[in-house]
Each structure stands twice: as structure tokens, then as C-alpha cells.
Amino acid sequence: MLNALDKLMLEKVADLHEIPQGAFNIRKNGAGIQRNTTANIDIVTKTDKSGIDVIIKPYTKGESVHIPVIVTEENINDVVYNTFEVGEYSDVVIVAGCGIHNSGHHKSQHDGIHTFYVRKGAKLKYVEKHYGQGEGEGQRVLNPKTILEVEEGAVVELELIQIKGIDQTKRDTEIRLMDNAKLVVTERLLTYKDQEAESNITVELLGADSSAQIISRSVAQNDSKQVFYFDLVGRNKGRGHIQCDAIIMHNAQVLSTPRISAHHSEAQLVHEAAIGRIESEQLIKLMSLGFSEQEAEDTILSGFLK
Amino acid sequence: MLELQKVSLEIEGDTSFEILKNINLKFYDKKIYVVTGPNGGGKSSLAKIIMGVYNPTSGEILLDGQDITTMNITERARMGVGYAFQSPPRFKGIKVKELLKMAASHNPEQVNICDLLYDVGLCAQDYLNRDVDASLSGGEMKRIEIATVLARNLKIAVFDEPEAGIDLWSFQKLAETFRDIHEKYNTTIIIISHQERIMELADEIIIMSNGMISAQSERDIILAGIMNNDSCVCGTKCVKGVGQNAECVG
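Residue numbers (this note's numbering), protein chains in the order written: chain A, 1 to 306; chain B, 1 to 250.
Keep in mind that the hints are not guaranteed to be accurate.
[Stated by the list, open to error] Below are the DSBU-like pairs computed for lysine-lysine, each with C-alpha atoms no more than 35 Å apart in a straight line:
hint: 1; chain 1: B; residue 1: K173; chain 2: A; residue 2: K193
hint: 2; chain 1: B; residue 1: K97; chain 2: A; residue 2: K306
hint: 3; chain 1: A; residue 1: K164; chain 2: B; residue 2: K21
hint: 4; chain 1: A; residue 1: K123; chain 2: B; residue 2: K97
hint: 5; chain 1: A; residue 1: K225; chain 2: B; residue 2: K97
hint: 6; chain 1: A; residue 1: K306; chain 2: B; residue 2: K92
hint: 7; chain 1: B; residue 1: K92; chain 2: A; residue 2: K7
hint: 8; chain 1: B; residue 1: K97; chain 2: A; residue 2: K7
hint: 9; chain 1: A; residue 1: K125; chain 2: B; residue 2: K101
hint: 10; chain 1: A; residue 1: K125; chain 2: B; residue 2: K95
hint: 11; chain 1: B; residue 1: K101; chain 2: A; residue 2: K129
hint: 12; chain 1: B; residue 1: K97; chain 2: A; residue 2: K61
hint: 13; chain 1: A; residue 1: K145; chain 2: B; residue 2: K21
hint: 14; chain 1: A; residue 1: K164; chain 2: B; residue 2: K97
hint: 15; chain 1: A; residue 1: K182; chain 2: B; residue 2: K95
hint: 16; chain 1: B; residue 1: K95; chain 2: A; residue 2: K129
hint: 17; chain 1: B; residue 1: K92; chain 2: A; residue 2: K225
hint: 18; chain 1: B; residue 1: K92; chain 2: A; residue 2: K61
hint: 19; chain 1: A; residue 1: K170; chain 2: B; residue 2: K92
hint: 20; chain 1: B; residue 1: K101; chain 2: A; residue 2: K306
hint: 21; chain 1: B; residue 1: K92; chain 2: A; residue 2: K125
hint: 22; chain 1: B; residue 1: K92; chain 2: A; residue 2: K123
hint: 23; chain 1: B; residue 1: K92; chain 2: A; residue 2: K129
hint: 24; chain 1: B; residue 1: K101; chain 2: A; residue 2: K193
hint: 25; chain 1: B; residue 1: K21; chain 2: A; residue 2: K182
hint: 26; chain 1: B; residue 1: K173; chain 2: A; residue 2: K7
hint: 27; chain 1: B; residue 1: K97; chain 2: A; residue 2: K193
hint: 28; chain 1: A; residue 1: K61; chain 2: B; residue 2: K95
hint: 29; chain 1: A; residue 1: K193; chain 2: B; residue 2: K95
hint: 30; chain 1: B; residue 1: K95; chain 2: A; residue 2: K306
hint: 31; chain 1: A; residue 1: K225; chain 2: B; residue 2: K26
hint: 32; chain 1: A; residue 1: K182; chain 2: B; residue 2: K184
Since the hints were derived computationally from the structure, they do not count as laboratory data.
Bound conformation, chain A alone:
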């Protein structure tokens, strides 16, 4: 059963206060501990390797799937392969999060490899939150890999969020869009202390009239380091836009490489990238409303990462 720490982790990564409604699968320290399926959503344990298949029937509307992972021990190295079949014309929300509580001295790591097949006309919102805590010096490491095949006319919204807590992360995201498919990726990242985070996102516009928008906002504090690599590949008539903004503080480093690659004359691709400090005028404005300097800074950062 879930203890208080487990519940805190679930709240942080999946906004869950209790056992969720609808379909869910909770994985703890490398093993599934609780699962629920519905008439439209089935969850099946893989037989050839660690992980689950989540199968959403066509035309399933308004349902959600929660698949949180919690790691509460040190020395865990958990690799999991999850496959999602999002049926034609369904409309669902999938929340996958990973929370690590490591009070020990050894590393705890979770690598989730997620493959999505978003079928024709389906609508998917996928939220992935990372959270880490623990007083020990054992590292908290998360290396997610997400692959999405988005079929004709499907709409995908991706929210990737990691605020503090994770010492090292390398996130790889690959997305392929077919005819008329639409994608919006929102990435929010905050690193502090000596954390390192790398995010690679490649989106291929394969079908005609597909569109993609990537909005990445990050804050790098203390001695942390962030590396971004975005590649938007236009192989057909379509539109894509990358917008990445980073606030840099203290001795942090941010390396951002937005790339747009066109292989079709009707591919319209735009990238914008900016890295900078908090503007002093912003601080002055909020201080002139009665905020302390620290309150002003926190307000600016939390708005930016919202």
C-alpha cells in the first residue's frame, strides 16, 4: 500500500491526492504495485521486457490514464518500456511522472522509454513531471525517452516539466507527424545546485499540412548546466515554430541549439532562442508594488515557468 512519502511523491508528479479515478498503474522501486483498468482502457504487463502496454479503444472520450513511478530507495536502476496505443478519434489525457526520494548515498535512476501510437483523428494530452527529493548525497537520475508516431489529423499536446530535485537528466523526444497532425510541446525546466539537464527534441513534419510548435522555458541557477537541442525537420508542406527562452542566474550555464531543417519548398520553419538574466526593470516594478527583492524574483520565475 501507499505510505505518506509515496503519497507526497504522487502528489508532486501527478497532482494526485488519492488513488486516481480511471485507469492507472503505479510503479514503485522497479515493480508495479497497483493498477486499475476501465471498459475502454486496458493496461497489460509486457512479457518480453519490463513495462506495460496501455491500450485505449477508439472513440474513448474524456478519460485519463495515470502511470506514476516512484522511487524511494537508493541503488535502484529501473528501466521500463511503456507502449501506448491511443485509438482512433479518442480524446484522452495521460499523466506520467516520476518522483525520486533518495536519502542514501548511492544513485537512484529511472529510465522510462515511452512509445506512443496516436491513431487517426485522436487527441492526446501527455503530461510528464519529474520530481526529486531526499537529503542524501545519492544522485537522482532520470533519463526519459519519448517517441510519438502521430497519425493523420491527430492532435498532441505534450507538457514536460522538471522543477529542481533531479541531479541529472537526459531527455530524448522524437516525434513524427503525418498529414494534418498538430503538435504543441511545452517544456519547463528549473535546475539548481550542480544539476545537469539535457533535452533533445526532434520533430519531423512528414505529412502534408502538419504543424508543430515547441515552447521551451527554463531557469538555470547556481552552478547548474542545461543543454538544449531542438531539431524541427520539414519533409513536407507544413509549419513549425521553436521558441526557447532561458533565464540564467549565478554561475549557471545554458547551451541552446535550435535547428530547423527544410527538405521541402513549402515547409515554413521558424526558430527563436533567447538567454538572459532577469531584467532589473522587472524587479524594480514589482518592488515598487511593495514586494521584497526575493519575492519579486520568485514571482518572475514562477510566472515564467508556469
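Go by the hints and put chain B onto chain A.
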């Protein structure tokens, strides 16, 4: 009452430059002051020194007799000093309604955010949920900036060129808005402006040039002086045709 006593401000650079020179001013309660004068004359620096953005190199600033010279921006804000920026900063991810709620958070009175937007000529339903970012025009930003100052119950409100960038908004509305806060909160209002119609609101007009007060008097006296004399009010003696050897860089 806000009092500036022998306030000077020097900016250190390759060569130090005195932006404000020995300013003595008294801003009495419940009055409206308009500060005008040529660009670069020190008007915005005066506003910033009142808010605490700059600290004077010498001199003292007193609010109701209390020395606030060394107080920072936050402390002055909490004492009832407010300032509307000439070029307001933008915030990614913060909505108009959130910014206005922050502004109103220290006001003991219930403030209706929608009314604030109405008072600056913006339709609440169109703006409440918009981000205060680059998607807003300069004029829209200016109005929201003014609304953040109206949201507060202030002793001293300083507006730095509130009319700049506000093209379509009638001056009548802006004037009414200033009068309203003046009457509602007994706020002393200091407006930096070049507009005659703003000057008409003033009890007193102060002309600044070269970092000094070159004239200060009741509105009608100053206005009459400005209207009757169309020569420039800057302190430098510039005569056409003099300095033929000067090189024009362009």
C-alpha cells in the same frame, strides 16, 4: 508632504556627470504637480530618486517628516510611494489580472480589477487573461502600468510621461482618472509630462532643465509664460549659425 532637500545625483562613468543638481522641492499633500522641461533635463531621474530606484549622491528626502533617503524601493512602496514607468517592463507568463492583483494586494480596500481596466480605457474581458508580454502593444502596456498604480492606496504617485504611446485614448479620460484617484485617496500626484492638457490638471508646474529647477509656480503663471515664449527653455545658449566648425555626425 514629500520634501527633497539639496538633492544631487551623480552618475559615475568615464567622467562623472551630475544629473540632478541641488534640488529643493516640497510636494504638499493632495496637490497635483506636473514636471516638465526639455529631454535630458533630469525629470525621469527625479521620479526615480523619489521611488528609490536611484539613491541621491547627497541631500535628503523626507516623507511626512521621516527621512527616507536610504530606504530601498520596497520600503518606500510600503510607505505609500508609487511610480508608473515611462517604459513599463513586460513579464512572460504573468497575466494582466495577476499583475493587477499583486498591485492591489497591499491596498486594504477591496479593489475591483475590472473597474481599474475600465478607468484606463481597456475592456476587462479582453485583457484580464492576457499575458503582460510582448503580445501587448506599447499603448496597452502604458494603460496597464497606470492601472497598477491606480490599484494602490498611495500617498505619493509619480507618473512618468503617462500620455506617451496613448494615441487613441482621449486625454479627457486620462485627466478624469487622475482627478478620481486624487479625490478618492487624497494622493499627491506628480506627473512628468509635455502635454498642455496634462499641465492643465496641475496645481503647480515645475520646469526642469540641466538637472535644476528652472521655474516653479502656480499653473496659470507658468502656462502663460510657456505660451508667450516659444523659444526653447533649455539652459544652453544656442544660437543658429554659431559653431560653424562643429562637425555633424550623421
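These are the hints, each one checked on the structure:
1. K173/B to K193/A: violated, 51 Å
2. K97/B to K306/A: holds, 15 Å
3. K164/A to K21/B: violated, 49 Å
4. K123/A to K97/B: holds, 31 Å
5. K225/A to K97/B: Within the cut-off at roughly 34 Å; holds.
6. K306/A to K92/B: The hint holds at about 9 Å.
7. K92/B to K7/A: It holds: about 32 Å lies between the C-alpha atoms, which stays within 35 Å.
8. K97/B to K7/A: Holds, at roughly 33 Å.
9. K125/A to K101/B: Holds, at roughly 31 Å.
10. K125/A to K95/B: holds, 23 Å
11. K101/B to K129/A: Cα-Cα ~29 Å, so holds.
12. K97/B to K61/A: Holds, because 33 Å separates the two Cα atoms, which is no more than 35 Å.
13. K145/A to K21/B: It is violated: about 63 Å lies between the C-alpha atoms, which goes past 35 Å.
14. K164/A to K97/B: holds, 28 Å
15. K182/A to K95/B: holds, 26 Å
16. K95/B to K129/A: holds, 24 Å
17. K92/B to K225/A: holds, 22 Å
18. K92/B to K61/A: Holds, at roughly 33 Å.
19. K170/A to K92/B: holds, 26 Å
20. K101/B to K306/A: holds, 17 Å
21. K92/B to K125/A: Distance ~23 Å between K92/B and K125/A Cα, so the pair holds.
22. K92/B to K123/A: holds, 28 Å
23. K92/B to K129/A: It holds: about 21 Å lies between the C-alpha atoms, which stays within 35 Å.
24. K101/B to K193/A: holds, 33 Å
25. K21/B to K182/A: violated, 61 Å
26. K173/B to K7/A: violated, 55 Å
27. K97/B to K193/A: holds, 33 Å
28. K61/A to K95/B: holds, 31 Å
29. K193/A to K95/B: It holds: about 30 Å lies between the C-alpha atoms, which stays within 35 Å.
30. K95/B to K306/A: holds, 11 Å
31. K225/A to K26/B: violated, 52 Å
32. K182/A to K184/B: violated, 52 Å
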